[in-house]
Structure formats: C-alpha cells, structure tokens
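**Q** Chain by chain, the residues run as shown.
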Amino acid sequence: MKKSLIALAVMAAAGAASAQSSVTLFGIVDATLQFGRGNVSDRNQLGNSGYNSSRLGFRGTEDLGGGMSASFWLEAGVNNDNGSGQATNTNNQASGNPIAGIAGGQGLTFNRRSTVSLAGNWGELRLGRDYTPHFWNLTVFDPFGTNGVGTTATLNTGFTGVTTVRASNSIGYFLPRNLGGFYGQVQYYMGENADPSAGGVEDDGSGLSLRVGFATGPFNVAFAYGKTEFAAGDIKQMNLAGQWDFGMAKLMGQIVRDENGATDADGWLIGALVPVGAGEIRLAYSTYKVDTAAADPKQRKIALGYVHNLSKRTAVYATYAQVKNSGGSAVGLNGAVTAANSSSRGLDIGIRHSF
Amino acid sequence: MKKSLIALAVMAAAGAASAQSSVTLFGIVDATLQFGRGNVSDRNQLGNSGYNSSRLGFRGTEDLGGGMSASFWLEAGVNNDNGSGQATNTNNQASGNPIAGIAGGQGLTFNRRSTVSLAGNWGELRLGRDYTPHFWNLTVFDPFGTNGVGTTATLNTGFTGVTTVRASNSIGYFLPRNLGGFYGQVQYYMGENADPSAGGVEDDGSGLSLRVGFATGPFNVAFAYGKTEFAAGDIKQMNLAGQWDFGMAKLMGQIVRDENGATDADGWLIGALVPVGAGEIRLAYSTYKVDTAAADPKQRKIALGYVHNLSKRTAVYATYAQVKNSGGSAVGLNGAVTAANSSSRGLDIGIRHSF
Amino acid sequence: MKKSLIALAVMAAAGAASAQSSVTLFGIVDATLQFGRGNVSDRNQLGNSGYNSSRLGFRGTEDLGGGMSASFWLEAGVNNDNGSGQATNTNNQASGNPIAGIAGGQGLTFNRRSTVSLAGNWGELRLGRDYTPHFWNLTVFDPFGTNGVGTTATLNTGFTGVTTVRASNSIGYFLPRNLGGFYGQVQYYMGENADPSAGGVEDDGSGLSLRVGFATGPFNVAFAYGKTEFAAGDIKQMNLAGQWDFGMAKLMGQIVRDENGATDADGWLIGALVPVGAGEIRLAYSTYKVDTAAADPKQRKIALGYVHNLSKRTAVYATYAQVKNSGGSAVGLNGAVTAANSSSRGLDIGIRHSF
Chain A
730 MKKSLIALAV
740 MAAAGAASAQ
750 SSVTLFGIVD
760 ATLQFGRGNV
770 SDRNQLGNSG
780 YNSSRLGFRG
790 TEDLGGGMSA
800 SFWLEAGVNN
810 DNGSGQATNT
820 NNQASGNPIA
830 GIAGGQGLTF
840 NRRSTVSLAG
850 NWGELRLGRD
860 YTPHFWNLTV
870 FDPFGTNGVG
880 TTATLNTGFT
890 GVTTVRASNS
900 IGYFLPRNLG
910 GFYGQVQYYM
920 GENADPSAGG
930 VEDDGSGLSL
940 RVGFATGPFN
950 VAFAYGKTEF
960 AAGDIKQMNL
970 AGQWDFGMAK
980 LMGQIVRDEN
990 GATDADGWLI
1000 GALVPVGAGE
1010 IRLAYSTYKV
1020 DTAAADPKQR
1030 KIALGYVHNL
1040 SKRTAVYATY
1050 AQVKNSGGSA
1060 VGLNGAVTAA
1070 NSSSRGLDIG
1080 IRHSF
Chain B
730 MKKSLIALAV
740 MAAAGAASAQ
750 SSVTLFGIVD
760 ATLQFGRGNV
770 SDRNQLGNSG
780 YNSSRLGFRG
790 TEDLGGGMSA
800 SFWLEAGVNN
810 DNGSGQATNT
820 NNQASGNPIA
830 GIAGGQGLTF
840 NRRSTVSLAG
850 NWGELRLGRD
860 YTPHFWNLTV
870 FDPFGTNGVG
880 TTATLNTGFT
890 GVTTVRASNS
900 IGYFLPRNLG
910 GFYGQVQYYM
920 GENADPSAGG
930 VEDDGSGLSL
940 RVGFATGPFN
950 VAFAYGKTEF
960 AAGDIKQMNL
970 AGQWDFGMAK
980 LMGQIVRDEN
990 GATDADGWLI
1000 GALVPVGAGE
1010 IRLAYSTYKV
1020 DTAAADPKQR
1030 KIALGYVHNL
1040 SKRTAVYATY
1050 AQVKNSGGSA
1060 VGLNGAVTAA
1070 NSSSRGLDIG
1080 IRHSF
Chain C
730 MKKSLIALAV
740 MAAAGAASAQ
750 SSVTLFGIVD
760 ATLQFGRGNV
770 SDRNQLGNSG
780 YNSSRLGFRG
790 TEDLGGGMSA
800 SFWLEAGVNN
810 DNGSGQATNT
820 NNQASGNPIA
830 GIAGGQGLTF
840 NRRSTVSLAG
850 NWGELRLGRD
860 YTPHFWNLTV
870 FDPFGTNGVG
880 TTATLNTGFT
890 GVTTVRASNS
900 IGYFLPRNLG
910 GFYGQVQYYM
920 GENADPSAGG
930 VEDDGSGLSL
940 RVGFATGPFN
950 VAFAYGKTEF
960 AAGDIKQMNL
970 AGQWDFGMAK
980 LMGQIVRDEN
990 GATDADGWLI
1000 GALVPVGAGE
1010 IRLAYSTYKV
1020 DTAAADPKQR
1030 KIALGYVHNL
1040 SKRTAVYATY
1050 AQVKNSGGSA
1060 VGLNGAVTAA
1070 NSSSRGLDIG
1080 IRHSF
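Protein chains in written order, with this note's numbering: chain A, 730 to 1084; chain B, 730 to 1084; chain C, 730 to 1084.
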C-alpha cells in the first residue's frame, strides 16, 4: 500500500497541534528541450530548469511561543533530464568542488539550501548553506530569473566564482518584516582554513555580504554588496536593481559591478514581464563587459520568452535568446560553441511542474 | 515530534481538493543473502533487490481539467545492504558513468526514473530519464523480473551497454489506454554531443526505441525494437515476448536478438509462475549466445524460486540458479568467479518490504 | 500548492488501516559554530551535529498479524553547514570508502542506517547497514553522546577503523523486550571478498559483535565485544559501561579496551548529566592510551557543556573541551592543529532542531 502526503486543506483541519509541527515536502521538475547554435558547433539536448530550477526539498517550522519559531530547510537541486543530483561546495573555494569525472555518480546534495533558523520579532538568524545576499537582485529583477537560455549576460562568464549564488558555512541575519517596506539581510560566511595557513590563505573563501531594499505598492528597489576574500585577489559583487509594476507590464532593471582581484566587470539589464491571459511574455536586454589590460570581452544579449500556465503548478514555456560577443568573448548558448566575437543563438522549450 | 505520512484511506476522505495535489512517497527495501559458487572462487554476501529492486521515490499527479493531467516521478535506487545510492548515466555513453572508486561515496540519484509528463486522451508525453521501450519485455515476461540470481541469461554479459535498461535525455510518447487491448510507446533519447564532433561521434548515445503489444484476457504479447547510435557501431536490441495465464500457472516466453556493431547475439527464455496458496513458484530456462568470429560464448541458465507473501507488502523468497558456460564464456553468479566453459551456481534468500 | 506531512494526531484519527501502513519522515538539523585552538594553528568553522547528528530519514512498520511485524529504516547523514551528504562504506574495509576529492560532490547516502527487519515475540532479525553492537556503549553512556567537541577521547584517534560505529552487509538479531530488564543483540557482518582471495584476505572486513545489558529502575549496565577480521591483524573492541540516575544527576562511566593487530589501547570515561530547569549541564573526563612498542600516545580530555531546551524539538547548546596530549600524541580539537604532547581547546555553540 502506498502512502500519500495530504494537501494543506487537511493540514488545517488537524488544528493547532499539527500547525506546530508541519513538515513540507516540495519540489519542481522542469524539463527543457534546449537548442544551441554557434559557428563552431551546435548542440541539441534535453536539459532542466529552463523556467524554474528543478529541486526536491523538505522544510518545516516549529512555533516556540512568545513570537519565536525554529525552522529548517533542506533543498536539493535535481538534474531531472538524467536523474543526477547537483554538487554543493563545502568551503567557498575551488577545493570544495568535486573532482572531475563524477558524471552520473553525482548524488543528491542539499546544494540549494541547507539551513536551520531561529526567528522572532527581532528578525531571523540563519545558519548553514544559503543564497548570498548579493545574488538576490540578479534573479528577482530579471524577467528570466537566472534560469534558462534567457538569463542575464552577467552570469555568462563565471567571473565571480564559487560564491556568486550561494555560500556554505554562513551565518545570516534578516531584518523582521513590517519595517514600513524596508527589508534587508547580512551574511558572513567562512572558508574554514587553518590559521595561520601556508601562503596566507587563511581567509580564502570567507566573505561578507549585505542587501537592503525598499518596496512599496508597485515599486521595489534593492542594493547589494558582497566580498569574498582570497589571497590571490578578493572577489567583490555590487548591484542595484528594481522594478515598477505598471499593471499591464512590470519593468525591471539592474546595474552590476564586479571585481575579481585587479580586474573589473560591468553590466546592466533592462527587462519586462507582460501578462497575457493565462500567460506572460518575458523580454530582456542585458550586457556584461570584463575590463582586462589586453582586451575587454563583452556580451550583449537579447531574450524573448512566453510562459503559458496550465495551472498554478504546471506551465509550458519557450524562450529565444541571442548573444553577441565582442572584445574576444566567445560565449555560446545551450552548449553551442562559437568563435571569438561571433554570435550564438539558443532556444528553450519546456514544461515546469511544481509540487 | 515525528511527522507521519497518511494512508490512502485518509487521502480519499480529503476529497477532490487533495486528489488534485497528491504526492506519494514510496519505496522498496529488499535485502538478499547471496551465495555464489564457481570453480575459481566463491562469494557470500548480503546484497539487495533479489526479488524487487530497492528504491525510494516521490511521485505525483495534478488534474489539469479537460482530461489533461501533469505528473512527475523521481525514483532513486538504493543499495540497502550498505546504504549507498546508485549512479545514473548522464549522456547514454560510457563517459556519462562515474569515474572508478566512488564506492561508499555514491550518493542517491534518481537513476531509476526522473520524469515530468503531460497526459490526455491522446496519450502521454514524458520527458527525462526513463526505461527504454526495448527493455520492458525482458522484465515483464521473465518470471524473475530481471532481479536476483534467477534473471534471464540475456542480461549476463553487458553486451548491449549503457542503454539496455534506461536512457537519459529522453522524449517518450505512450499510446492512450482503452485501445481494445493494444498498447505501445516510442522513445527518442539524446547523447547530447556537439555537432559536428571530432571523430564523428555527434550521434553517439542517441537512439530510438519502440514497443507495441496486445493484451486480452489471459493473453499478452509484445514486440520491441531499439537502436542506440555509436560511430564505433550501433547497438540494436529486438525482442518478442508474451505470456498466457492458465490460472494454475502463467507461462512466459521471450525471443531476443541483439547487435553490437558487427557482432550479433541471440537468446530465448521460457518460464512459468505457479501460484501456491500465499506463495508463488518461479521457474525459468534461458539461453544467450554471442556470435563472434573467434568463438561463440554461450550461457544456458536454469532458475527455480519460491516467494512467500507474508502480506501484500512483505515477502520472503529463495531462488536457486545455475549457469552453464560454453564457447569460452565465463559468467559467474552472485560474485563467484568461474573458469571459461565451467558452471556457476547461485542462491538468493531474502526479504522484500515495500511501502 | 505545497503538500504537508501530517502530525501523529491525525495519524491516530485515521484508525487501524493507517496504523498498518505508517511511514515516518524524520530528521535533525544541528548547526554548530566550532572554535578550535592549538599551538600550531587554530580554526573557526560552521560545522554540524555538535549536539545530535544531523540526518534525514524515512522509516515505517507494517503489522503482519500474529505478533509479527516488518519494518524498514533508511537514514542519511547530512552536513547541513554546506549541504553535502555523507559517504557510507560498502564492504567494511578501507577500499569501501570513496576516493579522495569528492568534496562538495558527496551526495546523500543512507550511511547512518539502511535496514529491513522482521520482528516477533522471538525478537528482531535485521538486515543491512546498522550500528555495530560494540559501539552503543560509547554513545549511550557518554554525556556528550559521541557528538561534538566534548565526546570521549576514545574516538579521537581512529584506532579501531571502519567498523567502529557501523557495519554494512550485516545480519543482526535483537532479543525481545520484556526479559525482566535484560537486553542484548548480536551482529554478523561480511567483507564480501572472493574466497579464496589473493593474500588471504577473504575474511577482511567480516566480523562478529555482541552486546548484553541489564537495566532496572535507575540502573543500567552493558557489556559489548566486537571483532573485525583482517589478514593484517584483527581489530577488537571491548567495553563495559553503565549509568546510575540519582534524579539530581545521572552518573555515567565507561571502560574501553581495543586491539588493532598486536597493538592495544585502553580508555575510560566518567561523566554526568545534571538537569537544570529546562536545561541540562553535561560533564565528562575521559582518557585513551595506545600501547605501542615505541611510545604510548595518550589523550586526557575534559568537557563541560550546557544544553537549553527551547522546546522538545529545539535546543541551543555550548560545549567547551580541552585535550592534553602526551606520549607523542597530537590530537587537535575542532580542526585545530597542535604539536605532539601539547594541548588543544575547542568550543561548540549551536542550535539543534529535530522534526
């Protein structure tokens, strides 16, 4: 006999006792036909997460009384095209990535989030692996949400390394809600090296990041700054982004500045989400340029997409994107390879189902 | 306080709302004492999946209205004798397997199935990692279901490689039910190489497979054909199989033909399931021969087993099998090593518990 | 829409049908700020499991009638500081550990426990990966329960190898309860090598272990003995341990003797748990000495801790420990490195949340 998890409706019927001990199983399975075209080679593949990131997670909250609560969140990325899991990084440094060749042996890790929290009217203290504050603006204010072929050019190059999106060994603090529209968070994360370490790398992989924002009515704007220390040169990420919801369309914009040691990079994005019946049109233009002494590799990217919601949980979607490389850049889309200073085109067609 | 998943009975009580959002946690834990005997070395071990494959899975269906539904299925193989997971393969080629030496580091992957589907009265479209159509006849029409020491000789040699059982990056279509007993499915899967690729391997690991069958009353027969492309030589699998349920016994048979480049292989199986009170006797004879220029390595295998059901979910079982090698073949059972042209014997004794 | 798992209260309401098919999802997320100090190098990190071992598990029991039941238990260790899983060991030998360098690629395995059982009034038969009987006394009768910086010195050195805590491929038998306070278990586990094997290692990793105890009122005492075979020298573990609950304090003690081939080691522990309101003070002194021909490396360790329960499920805690090395020993705490015959200090501050 199979067991079944019950809908929230039954949950409510169970009353206060169960409210104090809810555990939620949740997830997304998003499969994407990906077509990539470049002037060196093309690629067609079944990928995942073209609209939302595929995942399987477990989370829960316990009411401790007096306005206090404890909670946990364990969320694993899933490559549902082939069933493999996704690696995490253990120490915010390259040495915390797995050796090459794991391929189909990569098991599930809680790479997306793995935290325990205490919360009260003073805010939330969160420990574990979590998103970095400096990442949020890149996804919240991008019509393509950092998923699929259409996402911002800023994320094309890996310029900002291991802690671009998440950090392990982090201590985070979140401001309480109900601050009149102000919100914010700060996070410290550790590289966990011996101190002293040979080569002066005891701070490698340690960092500090913060994000502050203001949202009111149709308006939302936020600024973030993060710095990860490395003896070979710190990595810094700054971004200012926001949106205005005009009802018939939601306009979004980002300004991004990154530094990796002595090298700088700049980017920006402008985009829109346009509701159309049960669906939504998505549009964005983004650019990213790395300033090196020799050349300035640059990408300019346009993306156009449509999402059609079959229900709240299930959607079909298509996204087309084109990137133009210059200054020696050779970014290809959806696995295509393109020569320096050439273009690449990509198309995603997919299904997103959440539970 | 521990959370508990509730039985389907409660599910029904929750009415239509929950029917639309059911998520099911399911699994099997099957532990098997395995004894293998050969004339080079013997082996005794605690293995798994001697009767049914051990697994942990999550699946669910959403009613989209109008006869449409969306569903997902994430199912991980579990080596419950030692707690490790099982690797998947990412690209239907040897390079998609993990490097050697992962051993106890092998984590859980959704190697058994990892799919998202849309279904309607027109059938089902399924994307992800799934069984290949050409595999089904080998398990459905084998009294030992491709599990344990008794399973068909066809699967002894690994002759048909990575996509014998499942394929990643697949697009599958299933005929609707209610076609007067006819059933069928077709699947295309991708190797996802660059095009063009060095060495002309851009199609390596891509394949097409189909299965058609007819079932009515006690009778069920199906044919399947699958081909996986490789520059070094395509792999083809064909099989025709069926069963007739006489009530006092269910007779089964298979005819198998495989090709790996220029080399052919042929096999067949005849078997029976005989219900005996709360139990079932299982019998099979199978043979498999590879036709090479130098020699024709061949296995002939007999298997005899009994399954005793303690409940619908729990069974104990025992299976004895013997393989006779000829033509240079040296297949050993349950980890035993036997010299070319020698026999090997194996015994499974186990418990299967499902949830 | 998200699915929610329901509390045991609802479970009961569902009546007998669901009692026969309960599946429980459970876990612990324990995050620990770890500070280590040594005279070579210090280390500060966010770790896990400072009070209880972090885990995610699935377990269930089926009533088979007539006093019989079947059950399963799948429990994975979780490094929630960085989201990675924990490796298991497949064959009770070093070769069953993963290759080096998996780092953030280490996926979830059911390394903590992976078993299927049949039980009746005659006791329980359990197959799979499980704790070794010779481990239990080390954790049950240690105020720090083999977690965190305060745990017994016995576990500092890795002297007893792969099967110290758990064994794979095991067959265990547990005495029934209701034996007037007597309890006991025996376990056989297999290394699963070929027989004969080159080098005479066919028994490597195989072992036998047993534990017997007696508990009545405030008193509990147990003895355990385990032996794992290796051609290079067997590993033996013996321990006698017990506790007396005086109400205002629970006193605990252990005597430990280990052998690894021709080398012996001895240790002992004395400790106490003192309830204080919603909290508990923990104290222990332990020592462990390895007798080698050249020198006798020895650790003496003191540990002091406090656990404050915010609820039954959530606690905050702090533990301080100091180890004194002599005889050439160089054990460091919480990742600190200390020179031979020097001291090391460690501090844990953490949150434990269970579900």
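Please note that a few of the clues may not be correct.
[What the hints assert, rightly or not] Not close to chain C: a few residues of chain A, all C-beta gaps over 12 Å, as computed:
1. F787
2. L793
3. F903
[As the list claims (entries may be wrong)] If we take Cβ atoms under 10 Å as the criterion, some of the chain C residues that face chain A in the derived model are:
4. T761
5. N826
6. A927
7. G928
8. R986
9. F1084
I should point out that these hints are in silico values taken from the structure, not numbers from a laboratory. Yeah, the Cβ is synthetic: ideal placement off N, Cα and C, and Gly gets one too.
**Q** It remains to establish, for every hint, whether it holds in the given structure.
**A** These are the hints, each one checked on the structure:
| no. | hint | in the structure |
| --- | --- | --- |
| 1 | F787 | violated (7 Å) |
| 2 | L793 | violated (5 Å) |
| 3 | F903 | holds (16 Å) |
| 4 | T761 | holds (9 Å) |
| 5 | N826 | violated (15 Å) |
| 6 | A927 | violated (27 Å) |
| 7 | G928 | violated (28 Å) |
| 8 | R986 | violated (34 Å) |
| 9 | F1084 | holds (5 Å) |
This entry does not satisfy hints 1, 2, 5, 6, 7, 8, going by the numbered hints stated previously.
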